[in-house]
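A.B. asks: Line by line, the protein sequences are chains A and B.
Note that my numbering has the first sequence beginning at 1, numbered continuously upward.
Note that my numbering has the second sequence beginning at 1001, numbered continuously upward.
Hints should not be assumed to be uniformly reliable.
Straight-line Cα separation of at most 20 Å, DMTMM-like style, residue types lysine to aspartate or glutamate; simulated pairs [stated by the list, open to error]:
1) A:K53 / B:E1432
2) B:K1152 / B:D1114
3) B:K1373 / A:D138
4) B:K1141 / B:D1111
5) B:K1331 / A:D277
6) B:K1308 / B:D1398
7) B:K1373 / A:E502
8) A:K302 / A:E502
9) A:K308 / A:E136
10) A:K373 / B:E1136
11) A:K53 / B:D1111
12) A:K331 / B:E1360
13) B:K1373 / A:E136
14) A:K373 / B:D1138
15) B:K1373 / B:D1409
16) B:K1053 / A:E432
Since the hints were derived computationally from the structure, they do not count as laboratory data.
There are 2 protein chains.
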Amino acid sequence: MLNSIPARIRCPGPPKLYLDIRITMDQTKFKEFEPIFYPKSIAVVGVSMGNLKPGNGYLRSLLEGGFMGKLYAVGSASGEIWGIPVFESLASIPEQVDYVIVSTPKHRILDLLDECRTNGVKVLQIFSAGFSEAGEEDGAKLESAIVQKARKSGIRIIGPNCIGVGSPARRMSLMWRPLPHAHEEGKVAFLSQSGGNAGFFTELGLVRGIRFSKVVSFGNGSDLDSVDFLEYFGADPKTEIIGAYLEGMKNGREFLRLARDISLFKPIVVCKGGLTDAGARTVSSHTASLGGSAAIWRAALKQTGVIKVDTIEELADTILALHHLPRFEGKRVAVVGGLLGAGGGACVASSDACAREGLEVPLLTDRTIARLKGILPAAGSIFQNPVDVGAVAAASLDIFAQALALVFDDPNIDIVVVHLQASFVAPSIGKEQFDRLTGILIKLRQNQTKPLIVLSQSPSAEIVEKAFEEICSNARIPAYPSFDRMAKAIANVTWYWNFRSELESEMS
Amino acid sequence: MLNSIPARIRCPGPPKLYLDIRITMDQTKFKEFEPIFYPKSIAVVGVSMGNLKPGNGYLRSLLEGGFMGKLYAVGSASGEIWGIPVFESLASIPEQVDYVIVSTPKHRILDLLDECRTNGVKVLQIFSAGFSEAGEEDGAKLESAIVQKARKSGIRIIGPNCIGVGSPARRMSLMWRPLPHAHEEGKVAFLSQSGGNAGFFTELGLVRGIRFSKVVSFGNGSDLDSVDFLEYFGADPKTEIIGAYLEGMKNGREFLRLARDISLFKPIVVCKGGLTDAGARTVSSHTASLGGSAAIWRAALKQTGVIKVDTIEELADTILALHHLPRFEGKRVAVVGGLLGAGGGACVASSDACAREGLEVPLLTDRTIARLKGILPAAGSIFQNPVDVGAVAAASLDIFAQALALVFDDPNIDIVVVHLQASFVAPSIGKEQFDRLTGILIKLRQNQTKPLIVLSQSPSAEIVEKAFEEICSNARIPAYPSFDRMAKAIANVTWYWNFRSELESEMS
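Construct the entire structure; sequences and hints are all you get.
C.D. replies: Pasting the structure below:
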C-alpha cells in the first residue's frame, strides 16, 4: 500500500510552480524490490550446451550486455559455457545469490526452492510454463504450492510463465539479444503480463527514442503482480512515466485505486488485452486471468486518469510524446508540410486524422496568413492550416524557417506538426541542405515553448528515414510514421494533462 | 460512358465457372487514352540548369527509368542537358510529339497551347499550379480558358496542379527518383487527385509487392478527371484492381454509377480525403473541389460495392490482399504464432484486432486440438485459436509445419495468419533454419486453397525483416506490420467478395 499520497500543491500565478512532493511507499516493501531491479548476483538455472535453450539465452544476454554483478550458471553440462563455470546445482554455488532465473521443467522447482532458501536467494524468476495458464488442475496446484513455499522462506516470485526483468542501471537485459540503447537509463517503467509484448514494446520504444528505468514481464503474477509493480514504479524516483500491458488481474479494484493516486504524479498508459470476447478467451489461456468486460474497464480506467490505448504501437506512440515533450494541454494543431511541393494530399489527411481524434486544426489568424503570403508564392501553397509551403521552401530553407516561426507565433495554435518524407526530400536537396533543414527543426525544439512534432512517413523505411527519425528523437522531437498514429498520441496526451489540471485545480 | 456492361454469368454447380465477359467503353474515347499511357514521345517544357526545377526532375526520371520513346527538352538554357538537346520552344522541335509536360509559370500556358496545336500534341500535362485551387478568380478563369482552347484543338489536359502519369509498359516513371520495381507491369491502376499521395501510395505499394498497370495524378481535373480515368481503368484489360485517392468531384453521381458497374468485375478501393470538416476545408484549397459530407459519401460508396478506406496505409493494406490472394469470403481467422515462445500477448492482440473489425477467431475443432496436443507440449503452448506453438516449434520446424497443416485442415477456419517477428526469429534459429521456415510458408501458399497471411511486426524495420517481407511478397503471401492493419484489410476484402457474391447470385 502507498504510505502517503500528499497532494501536489500548485502555487498561484504564472509561471505555474509546484511543490515537489513525491509519492512514497512502505520502506520495507520498497526495499524488497532492490534485489529484483538491482541484484548483485544472478544464477541462471537450466543452462545446457544446446544453443536454443532459454537458460542459455538468459546467460548470454547478461554476459553480452555486461551485467554489473556476479553471474553463475547451473546445468547438467559440466565445465564452462562462454567462460562461466557451470555448477551442477544451486546448492554447490559457494556464495550467496540475490536473483535466480529458472527455466527447467516445472516439477523441479519445488526442490529448487529448498536450495534457494539455504543459499539466501531473495528472488526467483520462473520462466518455465505449464502452470495455471495451461488450464489443468495440476499446474494450478503446483503454482500455488510454489508460492506458499517461497513465502515461508521470504523469497519473492516473478512469474511463472514470464521473461522477467530488464534493468539498465545494472545492465540487466530483458531481451535475448543485444539491442542498441538498451542499457541507457531512462524514465519509463514498463510492466507486462506478456513476455512477448514486453520484448516487443521495449524494442519498439528503444528504436523510437524511449529510454527505460525498469521493465518487468511477470506472466501469471503468482506472487508479485501488476499491483505490486505499479506501486513500486509509482514510488520509484527513477520512474516518471509508467506503461503497462495487462490482460486481467485478480485484484483490479486495488490496481485502479493505486492508478488513480499515482496518475496525479506520473502518467500511466495502459494497453489492456482481451477487451473483446475472442481476446478474453485467449487471455485465460495465456496468463490464467480473467479479462473482464471492455465497457467496465474503459470506464474504470478513464476515471483514474489512466491513458487507455488499444495496441502496443499506440502505447509506444503515446509514451513517446510524454517522454520527449513537456506538459501540453492545448488541442489546436497546425500542420506544416509540402516541402518540394508534395503536401496537398498530406494536408487533407492530417486534417482528417486530427478531426477523427477530436483535435482541432483551426484557421491561422489573418495576420499570420498575410505574413505567410508575403514570403511564399500563391501557386502550389496552401495558407490556412495545414500550411503547404510548396516547392519554394525547399529551394530556400530560410523561407521555410520563417514560415515555421510564423506558425509557432500564431495565437490560434498550440502544437506544430512538421510533415516531411525524409527519403524523398533528403536525396532531392542534398546532404548539406538536409542537415540545415534538421538544424532548423532542432533549433525550434530548443527555443519554442509550444510542442514540435514530426510526421515522417516512410514507405520503404529507408536508411535515410531511420537516420532522420533518430536525429529528431535525439533532439526530443517525437516522430510518427502516420497521421492517424500521431493524432491518437496527441489526443491521448492532451487528455491526460487536461485531466490532471482539473484534479490539481480541485485540490489547490 | 461505358458502352455496355454485360452481366457476368455464373454457370451452375461447383466448381464455379464464369463466362469471361469484360466491360468495354466507347472505342474512340478508349483510343484517346493511348497517348496518355503509351506515348511514343514526350517533351518536357520548363527545363533549366538548376537541379531543383520540376522540369529537370521529370526529364531525369524519364531518362533514368529508360522511357521507351523519344524525349525532348524545352527550356531557356541552350545546349544539352544529360545528353538531351534543349530546344528553345516546342515549336522548334522538328517532329510531332504525343505528350507534353509543362512546369513553367501558368501565364505561359495559353501560348504553349498554340504551339501544341501546330505540332500535333495530343496530351498536355500541366504540373504548374496557381489555378482554381488557389482560391482566386484569375486562376480559375485561366484554367477554364486553357481547357476551352485545348478542346478546340483536340488536346486533352491532365491537371493542372498534378504530377501526371506513371506507366510501366512504357517505362514512364511517376516519381522524380528511381524506385525498385517501378517498371514491372502489374494489375493495379491508381488514380489520385493528389500528386503527393500518388507518389506516396505508389512507393508504399511497390515496397509491399503491389505492381501497377497505370498510375495517374490529375490534380484539379480541369479536363480529364476521376470519372474519365475510372471509366478507362474499368475497360483497360491490363487493370484488374482499381485504387483511388479522391478529395471531391464535380460529378460524383456519374462516378458512383460507374463505380457500381465496374465493381462487379474489378474491386475498387477508395480513400476519400476531406471527410471531416477540417479535411473538407483543406480539400477546397488543395484541388478546388468540394469534399461533401462524410455520411453521404460513406453510404453512397457502400451501395456501389466500393471498398472505402480511411488512410493511404489502409489503401495499400487492402489492395495488397486483393493483389496477392485469390477470392475469399469466409471471415473465420486462425492465428498461429509463438515461435520461440513469444506468442501469448500477440495471440490476445490478434484476437482483439480481429474482433474489432468484425472477423471471427473461432475455436478449432476438438479433433484439431487433440491432434495439436499430440505434437506440441502443453507448457508454453495455446491450443484453441490463436495457436501459440511455443518454443518447441522453433527447435523442430517439422512440428511447426505439421501444426500449420492441421490448422489449415480445420473446417472451422477460412483464413490462416502466421505471426512471427523475423528480426527476432531469424538470428535466433540461424539462416539455414530460417530458410527452411520460409520454405514451409511458400509451400503452404502454393498448395493450400485457403488464404495464408503473414503478420510480421517490425519494431526496428531491420534488414532481415524487410528481406522476409520480400520473400513473402514474392510468394504472393501478403505481409502486414500490425494486427490492426491486417484485420482491417481482411475485413475490407471479405466485405467486397461477399458483396459481389450477393450481386452475382441475384443476377444468375
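A.B. asks: Could you check the structure against the hints above and give me the numbers of any it violates, in ascending order?
C.D. replies: 6, 7, 9, 11 and 12
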